[in-house]
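One line per chain: the protein sequences are P and X, in this order.
The opening position of the first sequence corresponds to residue 246 in our numbering, with each subsequent residue numbered one higher.
The opening position of the second sequence corresponds to residue 246 in our numbering, with each subsequent residue numbered one higher.
Worth double-checking, as some hints may not be accurate.
Any copy, or any two copies together, can satisfy a pair, since identical chains are not distinguished.
With a straight-line Cα cutoff of 30 Å, these simulated DSS-like cross-link-like pairs (lysine-lysine) come out [claimed, not checked]:
(1) K262 / K616
(2) K378 / K291
(3) K350 / K455
(4) K291 / K262
(5) K386 / K289
Just so you know, these hints were derived from the structure itself, not from any lab.
Because the structure is a prediction, the values reported are computed rather than measured.
Protein chains: 2
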Amino acid sequence: MGLTATYLFPTDANQQKIAEQHALGLTIGSWTDIPHLEQEQLKKHKGEVISVEKGELKDTVKIFYPSANFSADLPAILTTVYGKLSFFEGYELIDMDFDADLLGKFPGPRFGTKGIREQLGVYDRPLLKAIFKGVMGKDLKFFSSQLEDLLAGGIDLIKDDEILFENELTPFLKRITTAKEIIHNHYENTGARALYAVNLSGRTHELHEKAEQAAELGANALLFNVHAYGLDALQGLRENNNVGLPILAHSALSGVLAGQAGHGYSYSLLVGKLTRLIGGDLSLYPSPYGNVAIPLSDALAINQALTEENGFEQTFSVPSAGIHPGMVPQLVNDFGDNLVVNAGGGIFGHSDGPTAGAQAFRAAIDASVQKISLQEAAKTSKPLQQAITQWGVIEPN
Amino acid sequence: MGLTATYLFPTDANQQKIAEQHALGLTIGSWTDIPHLEQEQLKKHKGEVISVEKGELKDTVKIFYPSANFSADLPAILTTVYGKLSFFEGYELIDMDFDADLLGKFPGPRFGTKGIREQLGVYDRPLLKAIFKGVMGKDLKFFSSQLEDLLAGGIDLIKDDEILFENELTPFLKRITTAKEIIHNHYENTGARALYAVNLSGRTHELHEKAEQAAELGANALLFNVHAYGLDALQGLRENNNVGLPILAHSALSGVLAGQAGHGYSYSLLVGKLTRLIGGDLSLYPSPYGNVAIPLSDALAINQALTEENGFEQTFSVPSAGIHPGMVPQLVNDFGDNLVVNAGGGIFGHSDGPTAGAQAFRAAIDASVQKISLQEAAKTSKPLQQAITQWGVIEPN
Ligand SMILES: [Mg+2]
Ligand SMILES: [Mg+2]
């Protein structure tokens with residue numbers, strides 16, 4: 246029982262030996278120079294090189310670490326498999342495979358794509374999500390008016406700006422109660438539901454109390470800058486039944502951890518597989534299209550890790566930045582139709598305002614479901630027509 | 246009021262403009278296209294480019310972020326200054342300067358070098374620290390015997406292996422009570438005190454309860470893999486008066502965050518300045534000498550950040566790996582004499598065993614205080630003589 250870590254190490258003729266030294270050094274220390282009897286005792290603690298696959302620049306090395314050596318939590322697991330190796334130049338941790346026993350210790354998403362769709366009552370199209378815009382230094386009136394405009398345009402989910410923290414003008418608890426009322430009124434008037442992910446922030450040791458308070462006050466989703474706290478903090482929130490809310494995991498700061506060519510974690514492991522295992526219901530990461538972009542291959546690998554069959558609920562993929570209505574066909578082509586279309590500038594930048602901006606997206610999303618072109622759909626949607634005039638249509642490649 | 250972040254950005258002819266876009270984008274979003282009245286309102290939230298200094302490959306960019314925009318905690322601060330910028334290729338965060346008001350929100354070390362020396366009653370020499378060796382899969386008897394051997398050799402501090410977590414053979418609480426008794430007996434017999442840093446590990450939301458329990462049971466120091474949890478977790482432990490123990494911050498995993506040339510945090514910021522501000526009493530990081538090494542310039546910059554005058558207690562520098570007794574002159578030459586000499590293999594690899602290994606170090610440390618050569622000191626220390634035969638003497642350059 247245990248886990249197998251997959252690394253890329255700079256290629257080396259002696260890779261097998263190097264890998265064996267690490268497998269020992271990160272578990273029982275040494276092997277050949279200890280007596281046979283002791284070897285018997287230590288066997289179940291011994292790391293093993295599973296495979297070494299030579300490559301041109303990097304060799305792919307798989308090392309097995311027995312569960313006997315660590316508690317079943319990510320701080321212990323990551324410290325074991327990458328705590329020391331992170332200091333070696335060009336050592337990348339690209340994947341981890343957990344034995345069934347260990348995998349069972351992770352909660353996975355409480356809601357996932359299925360649960361989120363149930364909460365919204367939307368089953369047949371990509372969801373539409375917006376980010377509040379320019380709220381820093383603005384008050385609750387401004388916040389309310391943006392929220393109302395977005396809901397009027399057909400938004401399913403809205404999240405706080407991830408750099409909006411506790412502040413006097415729009416306090417955390419006030420944002421929750423204000424949004425709750427507006428979303429409730431919107432539902433009463435239209436029958437449409439929406440989720441608002443309030444930014445759960447502040448000190449680590451206060452997160453649970455704040456999250457519980459948020460839930461009590463009627464918050465219906467949480468935004469969490471997981472990499473500012475460590476993956477285990479999100480897992481703890483997911484497991485807290487007094488919270489019980491959908492969690493939108495934001496990838497802020499993950500560029501340090503996974504964004505360097507040739508070093509660090511792979512995005513698919515960090516923002517994909519692990520974010521899903523710890524219980525992220527939605528995982529937001531840079532799209533491959535905007536000015537804050539990650540490579541398409543990384544974005545697709547994240548998407549796959551969030552959604553492939555692994556016994557857990559699926560996590561919603563939220564590729565973000567640089568998205569306008571004309572990109573919906575490209576998005577669906579790249580990420581499939583069970584995703585969240587997320588926009589900020591692509592909604593607020595619409596020349597007829599955010600309501601029209603949201604409507605343009607909804608029309609583009611409907612077109613993708615009906616498999617008609619955006620140009621065709623624009624004939625019956627003035628907002629989409631206008632968006633196409635502003636930003637054009639990207640034909641999927 | 247606020248903080249100024251110092252970055253290295255890849256050099257660009259338009260750097261001033263790029264920096265200004267970031268300063269706005271990470272605060273109020275836009276400036277020139279908003280009405281004058283609103284500008285007045287938003288002024289105190291506006292980020293400012295302080296300076297752009299052109300370099301050959303990288304430009305040094307300083308951006309000021311007003312305190313009005315974030316709560317006074319590192320998750321909020323780091324998300325603000327590096328959450329998004331971490332995705333930009335080659336963007337390094339190398340320093341942060343906090344205004345007095347913000348600086349006052351950090352606790353700094355509870356003990357620091359002064360307090361640790363008081364606890365040990367050792368004022369006039371570098372301290373000697375050892376790491377348990379090969380304890381994985383071993384029981385408390387083995388643990389006790391190593392501890393006794395090390396204490397007999399004159400060790401001041403001992404830490405758990407950072408990859409030793411909660412386990413059946415040497416449970417956390419048993420390690421504490423066992424070590425307490427051995428250290429107490431050693432004090433009764435010799436008058437010498439010692440600190441044992443037990444590895445505080447496991448789930449994030451259980452850390453405080455475990456740390457308080459450790460303190461109640463008589464633990465006298467904590468080892469903490471801070472980068473597996475986030476800096477704020479250590480700060481919380483430091484501020485918990487029911488814990489009140491010296492904290493040894495281990496740099497495991499920081500290679501991902503700071504170890505990449507041309508990206509990420511600087512080591513001096515992460516493992517130096519911030520580790521001190523949040524309250525690390527000792528900061529353990531790779532020495533520039535061993536097989537797990539960081540560049541000398543990084544190690545010296547960490548050391549400076551841990552010890553320079555800044556209104557807080559000093560944090561003990563613990564450069565680690567590749568240290569044997571013959572390196573003490575080099576260590577003291579590089580890091581000054583108010584440091585912790587930390588060894589594993591350099592103690593346990595001594596051909597006469599760990600007690601002699603520790604004695605050899607103590608003789609080398611005494612020689613450095615008396616300003617005599619190791620060769621001279623070895624005349625009255627057989628263990629040092631033997632260590633020199635095994636590993637030689639490195640002459641400081
Ligand atoms: Mg990478
Ligand atoms: Mg660096």
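- [ ] Give the relationship of K386 and K289 under a CA distance limit of 30 Å: within one copy only, between copies only, both, or neither.
- [x] between (62 Å within a copy, 19 Å between copies)
Open item on the list: Regarding K350 and K455, is the shortest C-alpha distance of 30 Å or less found within a copy, between copies, in both, or in neither?
Closed with: both (25 Å within a copy, 20 Å between copies)
Task: Status of K291 relative to K378 across identical chains (alpha carbons, at most 30 Å) - done: Between copies only: 15 Å across chains, 53 Å inside a chain, cut-off 30 Å.
Task: Intra- versus inter-copy proximity for K262 and K291 (alpha-carbon distance at most 30 Å) - done: Classified as within; 15 Å inside a copy, 55 Å across copies.
TODO: State whether the alpha carbon distance between K262 and K616 is at most 30 Å within one copy, between copies, both, or neither.
DONE: Neither way: K262 and K616 sit 55 Å apart in one copy and 42 Å across, limit 30 Å.
Checked against the numbered hints given earlier, this structure breaks only hint 1.
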